[in-house]
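With the sequences and hints as input, model every part of the structure.
First to last, the protein sequences are chains R and W.
Heads up: the first sequence at position 367 corresponds to 367 in the working numbering, and the numbers run straight through without jumps.
Heads up: the second sequence at position 141 corresponds to 141 in the working numbering, and the numbers run straight through without jumps.
It should be emphasised that the hints constitute simulated quantities derived from the structure, not laboratory data.
Nothing here was measured: the structure is a model prediction, and the numbers come from that model.
One thing to keep in mind: the hints can contain errors.
Which copy? The list can't say, so a pair holds if one copy fits it or any two copies do.
No farther apart than 25 Å at their CA atoms in a straight line, the calculated lysine to any residue pairs in the SDA-like style are these [as the list claims (entries may be wrong)]: (1) Lys62 with Trp85; (2) Lys366 with Trp85; (3) Lys317 with Gln258; (4) Lys466 with Thr504; (5) Lys601 with Gln369; (6) Lys601 with Val510; (7) Lys466 with Asn522; (8) Lys366 with Arg606; (9) Lys177 with Ala569.
So you can see what is in the structure, the chains are spelled out below.
Protein chains: 2
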Amino acid sequence: MGLNSNRVENFSDTEAPPLSTSVMQMPPLEVHRVCPPPPRTTSQKLRHRLSEIFFPDDPLHKFKDQSWFRKLILGLQFFFPIFDWAPNYSLQLFKSDVISGVTIASLAIPQGISYAKLANLPPIIGLYSSFVPPLIYSVLGSSRHLAVGPVSIASLVMGTMLSEVVPYSDEPALYLKLAFTATFFAGVFQASLGFLRLGFVIDFLSKATLVGFMAGAAVIVSLQQLKGLLGIVHFTTKMQLVPVLSSAFHHIDEWSWQTIVMGVAFLALLLITRQISMRRPKLFWVSAAAPLASVILSTILVVCFKSKLHGIKTIGKLPKGLNPPSSNMLYFNGPHLALAIKTGIVTGILSLTEGIAVGRTFASLKNYQVDGNKEMMAIGLMNMAGSCSSCYVTSGSFSRSAVNYNAGAQSAVSNIVMAAAVLVTLLFLMPLFYYTPNLILAAIIITAVVGLIDYQAAYKLWKVDKLDFLACLCSFFGVLFISVPLGLAIAVGVSVFKILLHVTRPNTVVLGNIPRTQIYQNLNQYREAVRVPSFLIMAVEAPIYFANSTYLQERILRWIREEEEWLAANDRSNLKCVILDMTAVTAIDTSGIDTISELRKMLEKRSLKFVLVNPVGSVMEKLQESNILESFGFDGLYVSVGEAVTDISSAWKAQP
Amino acid sequence: MGLNSNRVENFSDTEAPPLSTSVMQMPPLEVHRVCPPPPRTTSQKLRHRLSEIFFPDDPLHKFKDQSWFRKLILGLQFFFPIFDWAPNYSLQLFKSDVISGVTIASLAIPQGISYAKLANLPPIIGLYSSFVPPLIYSVLGSSRHLAVGPVSIASLVMGTMLSEVVPYSDEPALYLKLAFTATFFAGVFQASLGFLRLGFVIDFLSKATLVGFMAGAAVIVSLQQLKGLLGIVHFTTKMQLVPVLSSAFHHIDEWSWQTIVMGVAFLALLLITRQISMRRPKLFWVSAAAPLASVILSTILVVCFKSKLHGIKTIGKLPKGLNPPSSNMLYFNGPHLALAIKTGIVTGILSLTEGIAVGRTFASLKNYQVDGNKEMMAIGLMNMAGSCSSCYVTSGSFSRSAVNYNAGAQSAVSNIVMAAAVLVTLLFLMPLFYYTPNLILAAIIITAVVGLIDYQAAYKLWKVDKLDFLACLCSFFGVLFISVPLGLAIAVGVSVFKILLHVTRPNTVVLGNIPRTQIYQNLNQYREAVRVPSFLIMAVEAPIYFANSTYLQERILRWIREEEEWLAANDRSNLKCVILDMTAVTAIDTSGIDTISELRKMLEKRSLKFVLVNPVGSVMEKLQESNILESFGFDGLYVSVGEAVTDISSAWKAQP
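See below:
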């Protein structure tokens with residue numbers, strides 16, 4: 001702590017008052033010393049670090065200084081957000097929730113059936129999944145607008161990953177078991193991410209990655225629907241672009257013109273209603289009602305023209321009644337356990353990403369907060385419960401949540417209303433779906449996933465950040481041509497590589513003084529900034545780590561070499577001091593410390609003074625612990641570049 | 001570019017001259033605007049980025065403005081450093097090189113034989129490998145002190161990786177083929193890293209990782225030498241701690257007391273000479289001569305007491321003559337090709353790391369530069385040539401290079417002298433090794449690898465950086481208990497995880513003003529810094545990426561919440577402005593831009609002014625490209641915190 005303490009005294013030893021240099025118009029102020037952060041023990045540091053990693057939101061701050069009873073109430077509200085909003089719930093709010101609940105039910109029923117088909121599951125599973133999970137979410141969830149149920153991406157991924165090993169057509173019972181087990185593991189994974197407060201794992205799916213991934217998945221899913229739209233019987237279960245396309249065109253003999261005409265007509269209808277709602281958000285109900293209307297209309301058409309439309313495949317018999325329990329179908333040992341776990345983790349992370357993103361989007365529109373870790377636990381528990389009641393992976397769906405929001409939903413009660421509507425359907429209306437043609441499900445799926453192709457976002461990525469765009473392209477083509485999980489892995493890899501690249505090859509810039517100020521800025525960026533004679537002032541814009549310490553050492557030496565060559569060529573005064581501004585060096589490791597120490601020695605041999613400026617807290621701590629500061633001495637460390645330049649140049653004047 | 005341009009005019013509109021606030025003792029200066037970096041096209045940016053990634057050292061700078069002939073000379077010198085130093089070579093230098101060359105030869109011959117045994121190869125291969133590669137390196141290499149030949153770590157790893165699939169005892173011919181092929185691929189890999197200027201790949205083996213890895217490998221290797229020291233015949237070929245130890249103690253019946261007595265005696269002798277040389281660097285020749293002396297002494301002992309020492313195993317017959325060509329033994333198709341490639345890459349990267357590190361260490365002691373990429377090409381070509389002349393993987397050995405340096409080597413000629421000594425040995429002295437006992441090789445290996453256990457470095461890691469120490473421990477235990485390549489992979493994973501952790505959970509700090517200056521510093525670090533009323537000044541110490549944008553948004557909102565609660569509890573004036581110092585935000589991606597824009601909207605709803613300070617060049621570029629700056633307006637962006645505080649507070653005074 002005594003470091004630099006006698007700098008000010010030293011300073012006043014010089015007889016003449018220090019003169020301002022040509023670029024320094026202001027009289028030099030007193031010189032401040034660099035403080036290390038207050039000393040902390042290893043366990044204090046560790047505790048601080050862990051609390052920043054796991055509890056950055058300080059979830060218990062509400063509980064501080066509260067009575068025992070109040071803590072209990074707060075605890076209940078913390079774990080069951082329903083206790084938070086239920087006491088203030090009013091009839092007014094209920095009316096809004098009923099309207100929005102019925103609206104999303106009209107969307108959820110046809111989408112549930114369709115998405116179950118996408119996952120190669122019996123359609124009824126989709127309806128089951130729209131009943132139990134929303135009820136559980138309404139008790140545990142903290143978002144007011146999330147509409148819970150099956151979602152397209154997770155359905156697609158589950159269908160792909162399971163079908164490639166166990167085709168549904170070969171072993172339907174095993175497939176069903178694996179689907180429920182994967183759902184269970186998805187729930188366990190999601191809940192434990194939330195419980196262990198590891199929510200940041202999903203942050204590694206960057207928006208760029210997701211834009212590409214969603215678009216790739218949407219293309220694949222849409223093409224797969226050619227099966228339904230063209231009426232093909234023998235279709236590939238693979239998910240890559242090439243087999244899907246070749247499968248569609250190798251079975252031209254199976255195409256059915258009735259199916260094609262009807263399918264294209266309904267697809268056009270659905271896409272037009274989607275356009276209408278997008279152009280005029282007030283008409284959101286047009287696209288919300290269209291799927292159910294299409295289902296009803298197409299079913300009536302098939303019933304009326306049964307004899308003429310025999311080429312059209314229909315859903316067939318669906319069992320009436322509530323979700324049967326399925327906990328006995330969970331599959332905890334056997335050759336496919338690893339597959340179930342893997343599928344669970346991938347679908348879990350994807351559905352979680354969608355659910356959290358949707359929750360946050362609508363929360364920020366209405367200016368309330370959604371707690372990511374709590375949401376993860378809610379979604380995870382809802383999937384664990386779902387896996388025991390014949391449901392597959394569910395989450396918050398973007399399209400239905402948007403409808404819910406537009407229809408004026410005020411709380412999770414809209415999910416309860418939706419579940420009630422699904423309950424009525426399950427109990428009484430199932431026979432009506434007997435003649436619903438498969439083609440309408442294909443049309444509904446295409447309409448839903450077309451919205452996932454966000455070319456505007458991709459264009460913005462290209463405009464702002466080329467590497468982000470590359471990550472986006474990688475995930476898009478990875479999904480299209482390789483496989484869904486690998487495409488995702490490649491895209492995450494590209495994103496991580498981008499971080500590492502920035503660390504491996506950080507920017508180093510040369511600073512100059514902005515005349516008449518103590519401000520030093522990048523010479524390349526600020527035209528008005530001027531070089532200070534005899535000084536080379538550099539800033540490193542990255543932490544100094546093992547991954548870049550060699551590079552930085554060489555790069556700094558190159559700057560010095562170039563500066564010296566330039567000075568020699570232009571007959572300027574010699575370089576005497578190298579200042580390294582460490583403001584943006586946000587961390588350092590042992591290799592970085594070695595580099596600094598090595599640089600100091602090399603510059604000393606060349607009679608160049610080497611000075612560090614403004615190391616941040618953690619860097620200062622490491623510099624102290626490694627005893628490197630002693631070699632820098634009292635006049636090797638300054639708080640700001642301005643003070644360093646003023647102090648060093650006045651010292652030169654005093655002792656030429 | 002017109003951004004903020006009328007700030008100064010606005011400023012002078014205020015009628016009264018702006019008053020200084022309580023913490024601002026200095027009259028406000030003019031306000032400067034944030035400049036974007038000069039506009040560049042995408043291709044310019046890409047070119048700049050690529051040149052920083054691949055050519056940070058600007059290798060062609062010497063060629064600028066030179067005549068055609070001079071360029072040719074420089075090119076020759078660039079590719080063959082021998083042309084650089086040979087013209088100035090003198091008899092004086094040659095004398096030094098002869099002395100050091102002979103000294104390292106006396107070390108290289110016994111070590112060559114021993115390390116070949118470590119790689120499960122015939123001892124003669126070790127001598128071959130000490131002949132051809134040093135000759136090639138002396139032409140291509142740029143280090144003056146590197147002593148080239150087989151090295152312990154690479155030998156160990158090659159032995160392990162190959163033996164686990166193809167034990168030498170089962171198929172010696174195939175094993176030899178695979179070893180040469182692995183050497184070839186190691187060379188190809190090394191040379192292409194250098195040629196493609198991807199040398200930074202080896203930077204990912206951080207020092208912390210290597211300390212742990214080397215120590216783990218040294219422990220394993222030493223324990224494996226129990227085979228030789230105890231005279232065991234049936235010993236495991238596995239490399240993990242448990243099988244090696246159990247193998248040593250399950251064959252107590254095979255222990256030979258003569259071997260043990262003689263082995264322990266020579267081991268003690270070698271370790272003592274090592275200690276002497278370490279205590280007194282001038283006596284380096286004691287430890288340098290000891291191995292050869294021990295070989296001679298032990299051979300004489302065995303010859304003299306042949307009848308009584310029948311339990312001691314000896315090397316046996318070695319072929320006389322030069323390296324036979326082995327290019328016909330390279331193995332380019334077959335079931336083990338993948339193994340050979342994998343082994344080549346792992347041993348290639350390890351030997352490269354050692355060679356480069358050794359070269360850099362001695363270069364920095366003598367203050368000359370070693371070009372990493374050129375060294376990689378030299379080492380790679382030398383291994384490719386070696387694989388065609390019966391050599392296995394070679395590199396610069398740390399122990400022999402240290403002896404070379406201490407013995408006064410002046411140039412790569414010492415390697416030529418060493419090769420000449422090995423040549424003489426190969427041609428005439430091979431029969432002398434017939435009775436050399438294996439135990440002496442074990443003792444030599446143990447003495448060589450004991451130095452790899454650098455507990456002082458490990459202690460320093462613990463003291464300075466706990467996460468580095470963790471990486472060190474992971475690689476140590478990974479090597480001991482799992483396997484050599486996996487241990488290495490785990491350690492690299494931990495190092496990369498550390499980088500990602502820093503990015504995922506960056507520091508956010510609150511700044512205060514240091515009285516009577518324009519300097520703003522971390523309140524927690526600088527006790528003298530004081531808060532500025534009505535302002536919350538924050539700094540983010542990391543790039544803002546997808547991986548931390550959610551965290552940062554929540555963390556910044558929590559700082560604001562805590563500040564507001566504290567102000568309310570202490571009856572202070574309300575918070576009116578949040579300043580975000582972006583100096584240490586060295587990069588931003590699209591997610592980060594969304595976060596900034598989101599934060600601005602949220603704070604606007606709460607009537608808080610949100611101001612950015614000092615975005616660095618690349619961040620400023622992205623902010624401009626994404627059009628987010630428009631929403632910040634003229635008074636939302638400042639060059640320094642001081643100017644922002646002064647300007648905003650005087651604007652408040654003017655219009656209360």
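Status of the hints after comparison with the structure:
no.: 1; hint: Lys62 with Trp85; verdict: within (16 Å within a copy, 73 Å between copies)
no.: 2; hint: Lys366 with Trp85; verdict: within (15 Å within a copy, 73 Å between copies)
no.: 3; hint: Lys317 with Gln258; verdict: within (22 Å within a copy, 87 Å between copies)
no.: 4; hint: Lys466 with Thr504; verdict: both (18 Å within a copy, 21 Å between copies)
no.: 5; hint: Lys601 with Gln369; verdict: between (53 Å within a copy, 14 Å between copies)
no.: 6; hint: Lys601 with Val510; verdict: within (21 Å within a copy, 35 Å between copies)
no.: 7; hint: Lys466 with Asn522; verdict: within (23 Å within a copy, 34 Å between copies)
no.: 8; hint: Lys366 with Arg606; verdict: between (62 Å within a copy, 13 Å between copies)
no.: 9; hint: Lys177 with Ala569; verdict: neither (78 Å within a copy, 57 Å between copies)
When the structure is compared with the earlier hints, a violation turns up for hint 9 alone.
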